[in-house]
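Trainee: Input sequences plus hints: build the corresponding full structure.
Taken in order, these protein sequences are the chains called A and B. Note that the UniProt record's numbering gives residue 125 to position 125 of the first sequence, counting from 1, and the numbers run on in steps of one. Note that the UniProt record's numbering gives residue 178 to position 178 of the second sequence, counting from 1, and the numbers run on in steps of one.
Any given hint might turn out to be false.
Claimed, not checked - Label-pair distances were calculated between CB atoms; the ranges are:
| no. | chain 1 | residue 1 | chain 2 | residue 2 | range |
| --- | --- | --- | --- | --- | --- |
| 1 | B | Asp196 | A | Lys307 | 36 to 46 Å |
| 2 | A | Leu9 | B | Gly177 | 38 to 48 Å |
| 3 | B | Lys199 | A | Leu9 | 19 to 29 Å |
| 4 | A | Pro381 | B | Asn97 | 48 to 58 Å |
| 5 | B | Arg93 | A | Leu50 | 25 to 35 Å |
| 6 | B | Ala59 | A | Asn231 | 42 to 52 Å |
| 7 | A | Arg100 | B | Ala98 | 30 to 40 Å |
| 8 | A | Asn228 | B | Gly78 | 44 to 54 Å |
| 9 | B | Phe60 | A | Leu50 | 18 to 28 Å |
If you are wondering where the hints come from, they were derived from the structure by calculation, not from laboratory data. For every residue, glycine included, the Cβ atom is placed at its ideal position computed from N, Cα and C.
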Amino acid sequence: MSAAHSLPLADRLKDAVRIGIVALLLGIPMLGLTTADQGGGLQVLTRWPLLAQFVGVVFFGRLILQWLVSHFQLRKLQRQRVAAKTAVVQQRPWLKWLGRVALAFAIVLPMAFSGNRYVIDTATTVLIYVMLGWGLNVVVGLAGLLDLGYVAFYAVGAYSYGLLSTLFGWGFWETLPVAGGMAALFGVLLGWPTLRLRGDYLAIVTLGFGEIIRIILVNWTDFSGGPNGINSIPRPSFFGLEFKPPGDTPTFAAFFHLEYSADHRVTFLYYLILVLALLTNVFVSRLRRLPVGMAWEAVREDELACKALGINVTGVKLSAYAIGAMLGGFAGVFFAARQGFISPESFVFSESATILAIVVLGGRGSQLGVVFAALLLVVLPELGRDFSDYRMLLFGAAMVLIMVWRPGGLVARREPTIQIDTPAAQGATP
Amino acid sequence: MGQFIQQLINGLTLGAVYGLIALGYTMVYGIIGMINFAHGDIYMVSAIISVTALTLMSAFGISSVPLVLALVLIIAIGFTSVYGWAVERTAYRPLRNASRLAPLISAIGMSIFLQNMVQVSQGARVKPVPTLIPGGLELFTHNGFSVHLAYTQIMICVVTVVLMVAFTGLITRTSFGRQQRACEQDRTMASLLGIDVDKTISYTFMLGAALAAVAGVMVTVYYGVVDFSIGFVAGIKAFTAAVLGGVGSLPGAMLGGVLIGLIESYWSAYLSPEYKDVATFAILILVLMFRPSGLLGRPEVEKV
Numbered sequence: 001m002s003a004a005h006s007l008p009l010a011d012r013l014k015d016a017v018r019i020g021i022v023a024l025l026l027g028i029p030m031l032g033l034t035t036a037d038q039g040g041g042l043q044v045l046t047r048w049p050l051l052a053q054f055v056g057v058v059f060f061g062r063l064i065l066q067w068l069v070s071h072f073q074l075r076k077l078q079r080q081r082v083a084a085k086t087a088v089v090q091q092r093p094w095l096k097w098l099g100r101v102a103l104a105f106a107i108v109l110p111m112a113f114s115g116n117r118y119v120i121d122t123a124t125t126v127l128i129y130v131m132l133g134w135g136l137n138v139v140v141g142l143a144g145l146l147d148l149g150y151v152a153f154y155a156v157g158a159y160s161y162g163l164l165s166t167l168f169g170w171g172f173w174e175t176l177p178v179a180g181g182m183a184a185l186f187g188v189l190l191g192w193p194t195l196r197l198r199g200d201y202l203a204i205v206t207l208g209f210g211e212i213i214r215i216i217l218v219n220w221t222d223f224s225g226g227p228n229g230i231n232s233i234p235r236p237s238f239f240g241l242e243f244k245p246p247g248d249t250p251t252f253a254a255f256f257h258l259e260y261s262a263d264h265r266v267t268f269l270y271y272l273i274l275v276l277a278l279l280t281n282v283f284v285s286r287l288r289r290l291p292v293g294m295a296w297e298a299v300r301e302d303e304l305a306c307k308a309l310g311i312n313v314t315g316v317k318l319s320a321y322a323i324g325a326m327l328g329g330f331a332g333v334f335f336a337a338r339q340g341f342i343s344p345e346s347f348v349f350s351e352s353a354t355i356l357a358i359v360v361l362g363g364r365g366s367q368l369g370v371v372f373a374a375l376l377l378v379v380l381p382e383l384g385r386d387f388s389d390y391r392m393l394l395f396g397a398a399m400v401l402i403m404v405w406r407p408g409g410l411v412a413r414r415e416p417t418i419q420i421d422t423p424a425a426q427g428a429t430p
Numbered sequence: 001m002g003q004f005i006q007q008l009i010n011g012l013t014l015g016a017v018y019g020l021i022a023l024g025y026t027m028v029y030g031i032i033g034m035i036n037f038a039h040g041d042i043y044m045v046s047a048i049i050s051v052t053a054l055t056l057m058s059a060f061g062i063s064s065v066p067l068v069l070a071l072v073l074i075i076a077i078g079f080t081s082v083y084g085w086a087v088e089r090t091a092y093r094p095l096r097n098a099s100r101l102a103p104l105i106s107a108i109g110m111s112i113f114l115q116n117m118v119q120v121s122q123g124a125r126v127k128p129v130p131t132l133i134p135g136g137l138e139l140f141t142h143n144g145f146s147v148h149l150a151y152t153q154i155m156i157c158v159v160t161v162v163l164m165v166a167f168t169g170l171i172t173r174t175s176f177g178r179q180q181r182a183c184e185q186d187r188t189m190a191s192l193l194g195i196d197v198d199k200t201i202s203y204t205f206m207l208g209a210a211l212a213a214v215a216g217v218m219v220t221v222y223y224g225v226v227d228f229s230i231g232f233v234a235g236i237k238a239f240t241a242a243v244l245g246g247v248g249s250l251p252g253a254m255l256g257g258v259l260i261g262l263i264e265s266y267w268s269a270y271l272s273p274e275y276k277d278v279a280t281f282a283i284l285i286l287v288l289m290f291r292p293s294g295l296l297g298r299p300e301v302e303k304v
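Mentor: Right, here's the structure in full:
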């Protein structure tokens, strides 16, 4: 690698020119030329200045990147040479503190921003994704099963609540366990046939499963309302007290002698999802320490060895599926209750990809990483609303770049939850 | 009867297109063992390029159909294989030795990126092109239902068969094909024997992209409408075709493509067009359940 550092300028220029030519070839059909409908037929439009800018950016970007890479790689090598003597497993206590600070912030947020509905709404959305991420983390992060159709379970939960509440008048709290159970059942139904499959096949099958659910929701109009979805889903109540202007039924505002305000419900929904998400977190962290949780991680690390040790791999994987699906179902119920309206539009593949990206960017298996990734992926597009056209473009590019840069994710390296605590073992797992 | 034959023709045409895309999946899977999730979007990129190329041809006043077709094919193949190369270089090569999940996720990211790149740069609206090869043969009429064979359909089938033959020759008889198969069997050993593995993998991606480019041109000419979102579903179907035929097997990919095309057109005609995608996905799940190695594939032995 040190050879790269001593690369003469001419070679670097040659390299950048080569990349520039590739950029030119890539850019001509997409940036340089375009077609637009102008009165009756397509016409070719040219955008040569744009193409020139693109090629220029790529050329100089490559030169700078080259310089940076060779510069920093050398530094890194030197550091490694020094560090090799004192290789110790690094405990990261600051992560724990960061988690506590984040939790405290989450609790005081509605008070700090009381009246600012936009902030609380966005925070609620972040928490939904956090909860979905934690649920998917069980499947992807702990059990190592790649699931590209997670949104199907979210949909099962949402439609369970939507249908049960509008058709039979069920309340939020009654539906929650039922919807979770339904989602878990779907998880097992999906898991059963696919258990023999390896990682990437499994991904495609789960993707197909998610699409099947969505297509059924779109086309089976009698059941799901088709593309129009389900309207006027009742909102959750605070132990039977509803969030409504004063009327016949006991309301939240009247009971606590408050003046009615629409913000009450928004704040209540925020705390509701916060509690649900925290319960999820506690639940999953506890499970990790139980035999079943250890079995998940063992299966992730080496399925063959697990089989040889007599672990029931089928049962282990199914339990991961069922629990992950159940958590997704809970989040779905909350989603339906919060929106008051659901349609198949909310459960498309890109939603699954977003949740998966949250888990992967956060670092598979890391609970805190999921929080940061969810924050990043929800808040960044909100900040850049003007760039809404480029939102998914940047999203895809970020997914590629982060994977290339840190294949293990932002926070976690796949550390086992428990390990044998001897100096030798510590030295062996840096 | 008439309906049955008509759907057979339509299904074979569709299947030829799926088969061409599926070849790319199968080759890439064979050589580096990953699902190139962005392959469907490479096909979409080529369809968009061919729209631009077709419009350019009519702007230049080139009207001879074989010439237009040849030029569009060359342009689409050329640019699309650069895309194939670039995708491999940026998203997959750095992750060659990472865990299995990492390249798959970067492939999904690449797919999202390509789709949105085209949406932003080329517009979200459907792009219509005028019919290049009008007309067709009326084969026969049975109970008032006349069976048509469009010239475009003949062209698609002929091009696919020619490509298949040429491609099989390339893989089985040339030195590149030997290198490619060597890398498929054992990359380390191949590199020890002096094969430039990275280069071979790059060429494989370019070849896969070139085949997808042909499929893109064919679809543009056949349907006459293209937009930025056609890659996802076509990619999934072609992948299903590759799995059905046995991932890693080249004739299998073609066979799988034809089967998927036939199933899709019969399902649409006789059962319900709304659920045709469900049929494909259901087949995918069933095949993987009962015969994970596909129709023509070899069962994979898990090594410790």
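Trainee: Indicate, hint by hint, whether the structure satisfies it.
Mentor: So, going through the hints one by one against the coordinates:
no. : hint                              : result
1   : Asp196/B <-> Lys307/A: 36 to 46 Å : 38 Å, holds
2   : Leu9/A <-> Gly177/B: 38 to 48 Å   : 40 Å, holds
3   : Lys199/B <-> Leu9/A: 19 to 29 Å   : 26 Å, holds
4   : Pro381/A <-> Asn97/B: 48 to 58 Å  : 33 Å, violated
5   : Arg93/B <-> Leu50/A: 25 to 35 Å   : 28 Å, holds
6   : Ala59/B <-> Asn231/A: 42 to 52 Å  : 49 Å, holds
7   : Arg100/A <-> Ala98/B: 30 to 40 Å  : 32 Å, holds
8   : Asn228/A <-> Gly78/B: 44 to 54 Å  : 46 Å, holds
9   : Phe60/B <-> Leu50/A: 18 to 28 Å   : 22 Å, holds
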